[in-house]
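Chemist: Just so you know, the sequences run in chain order A and B. What the first sequence shows, in the numbering used here, is residues 1 to 155, in sequence order. What the second sequence shows, in the numbering used here, is residues 1 to 155, in sequence order.
Misleading hints may appear alongside valid ones.
One copy or two, either will do: identical chains are not told apart, so a pair holds if it fits within one copy or between any two.
The calculated EDC-like cross-link candidates involving lysine to aspartate or glutamate, where the alpha carbons are at most 16 Å apart (straight line), are [as the list claims (entries may be wrong)]: (1) Lys-8 x Glu-47; (2) Lys-110 x Glu-4; (3) Lys-54 x Glu-66; (4) Lys-8 x Glu-116; (5) Lys-21 x Asp-139; (6) Lys-54 x Glu-20; (7) Lys-54 x Glu-80; (8) Lys-54 x Asp-73; (9) Lys-8 x Glu-76; (10) Lys-58 x Glu-80; (11) Lys-63 x Asp-73; (12) Lys-110 x Glu-68; (13) Lys-63 x Glu-80; (14) Lys-54 x Glu-134; (15) Lys-63 x Glu-76; (16) Lys-63 x Glu-104; (17) Lys-110 x Glu-134; (18) Lys-8 x Glu-122; (19) Lys-56 x Glu-6; (20) Lys-8 x Glu-134.
Simulated from the structure, these hints should not be mistaken for lab results.
There are 2 protein chains.
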Amino acid sequence: MGVEIERKFLVNQEIWQQLEKPNGVHYHQGYIPSDDSCTVRVRIAGERGYLTLKGKTKGFSRKEFEYEIPFADAQEMLNEFTRTGTEKIRYHIAIGTHVWEVDEFLGPNKGLFVAEIELRDESEPFAIPAWIGEEVTNDRRYANSNLAVHPFLEW
Amino acid sequence: MGVEIERKFLVNQEIWQQLEKPNGVHYHQGYIPSDDSCTVRVRIAGERGYLTLKGKTKGFSRKEFEYEIPFADAQEMLNEFTRTGTEKIRYHIAIGTHVWEVDEFLGPNKGLFVAEIELRDESEPFAIPAWIGEEVTNDRRYANSNLAVHPFLEW
């Protein structure tokens, strides 16, 4: 499948809350216990299921292989195989030629808002809207797989 | 996807070698490092690729979710994400209404032949051909994920 090149930022919540936003989609995802070399994620996004393998991040990039799977399979895997997970509402915000993904975390990560932008290459320029805060691309604490184990409210 | 109900036997090689067999298919598979609760397998079978998650074995049964994935993805994952694996030639032998899968292992598992039969339920009867030897269904040493780490020739 290929390489995911992504940058990640905190969200200025004061500005974000005043924004008129499209409806978000409910995400529930969990992780198969694995070592650091590869993350195995099961995700339910709205009414769809996905199985995703990701390698280690190098710079802004990491290998990613994502497959849509039957919803019922994803549900069963989340119940049977994953012990930790995250829930969030994801909003898609189009700005120029890019689409920002803004995650409003729920449960033990409530209060955390993170925005991501996917790029075609590491040096691709992009517009930074007013509600974008500090960059946290290489801060491992904000990896979803880490938030599943060390949630924001316990920091 | 569901539950895999499978029984596993050693093969009587003297009888097996005299058998007229269909051509086998070359399998190369590796495992994403994970804990015991779930096995994540990447497999190349001939010219096809598969990603499979399996739960813990209970009796003769375990949860199994298998997805065909692009061949190139499977190759890349084997190279990038797996550190151990097994190679084997798999033969399909139809006997009555069942199909036996006989694996002739290669490399560090050379000399090992294992036959498996998949059943619809744990009590389903099946014919045992002359080349079937001792049952090893619940002997963890013969799990492919174990053979990848502790190969037969080192036992």
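Chemist: Against this structure, judge whether each hint is valid.
Modeler: Verification of the hints:
1. Taking the shortest alpha-carbon separations for Lys-8 and Glu-47, neither the intra-copy value of 25 Å nor the inter-copy value of 38 Å comes in at or below 16 Å.
2. In this assembly of identical chains, Lys-110 and Glu-4 lie within 16 Å of each other by CA distance neither inside one copy nor across copies; the values are 26 Å within and 39 Å between.
3. Taking the closest pair of Cα atoms, Lys-54 and Glu-66 come within 16 Å of each other only inside a single copy of the chain (8 Å); across copies the shortest separation is 18 Å, beyond that limit.
4. In this homomeric assembly, Lys-8 and Glu-116 come within 16 Å of each other (Cα to Cα) only inside a single copy, at 4 Å, whereas the closest approach across copies is 47 Å.
5. For the homomeric pair Lys-21 and Asp-139, neither the shortest alpha-carbon distance inside one copy (27 Å) nor that between copies (56 Å) is at most 16 Å.
6. Neither within a single protomer nor between protomers do Lys-54 and Glu-20 lie at most 16 Å apart by alpha-carbon distance, with minima of 33 Å and 44 Å respectively.
7. Proximity of Lys-54 to Glu-80 under the C-alpha cut-off of 16 Å is restricted to the inter-copy arrangement: shortest distance 10 Å between copies versus 21 Å within a copy.
8. Only between protomers do Lys-54 and Asp-73 lie at most 16 Å apart by alpha-carbon distance; the minimum there is 12 Å, versus 20 Å within a single protomer.
9. Proximity of Lys-8 and Glu-76 under a CA criterion of 16 Å is satisfied in neither setting, with 30 Å inside one chain copy and 26 Å between copies.
10. Taking the closest pair of Cα atoms, Lys-58 and Glu-80 come within 16 Å of each other only across two copies (13 Å); inside a single copy the shortest separation is 31 Å, beyond that limit.
11. Taking identical chains as interchangeable, the C-alpha atoms of Lys-63 and Asp-73 lie at most 16 Å apart only when they sit on different chains, with a minimum of 11 Å there against 24 Å within one chain.
12. For the identical chains of this complex, Lys-110 and Glu-68 are neighbours neither inside a copy (27 Å) nor across copies (37 Å), given an alpha-carbon limit of 16 Å.
13. For the homomeric pair Lys-63 and Glu-80, the shortest alpha-carbon distance between copies (9 Å) is at most 16 Å, but the shortest distance inside one copy (26 Å) is not.
14. Proximity of Lys-54 and Glu-134 under a CA criterion of 16 Å is satisfied in neither setting, with 24 Å inside one chain copy and 40 Å between copies.
15. In this homomeric assembly, Lys-63 and Glu-76 come within 16 Å of each other (Cα to Cα) only across copies, at 10 Å, whereas the closest approach inside a single copy is 26 Å.
16. Taking identical chains as interchangeable, the C-alpha atoms of Lys-63 and Glu-104 are never at most 16 Å apart, the minima being 25 Å within one chain and 33 Å between chains.
17. In this assembly of identical chains, Lys-110 and Glu-134 lie within 16 Å of each other by CA distance neither inside one copy nor across copies; the values are 18 Å within and 55 Å between.
18. Taking the shortest alpha-carbon separations for Lys-8 and Glu-122, only the intra-copy value of 13 Å comes in at or below 16 Å, while the best inter-copy value is 49 Å.
19. In the homo-oligomer, the alpha carbons of Lys-56 and Glu-6 lie at most 16 Å apart inside one protomer (13 Å), although the nearest pairing across protomers, at 35 Å, exceeds that limit.
20. In this assembly of identical chains, Lys-8 and Glu-134 lie within 16 Å of each other by CA distance solely inside one copy; the values are 9 Å within and 56 Å between copies.
In summary, the numbered hints that this structure violates are 1, 2, 5, 6, 9, 12, 14, 16 and 17.
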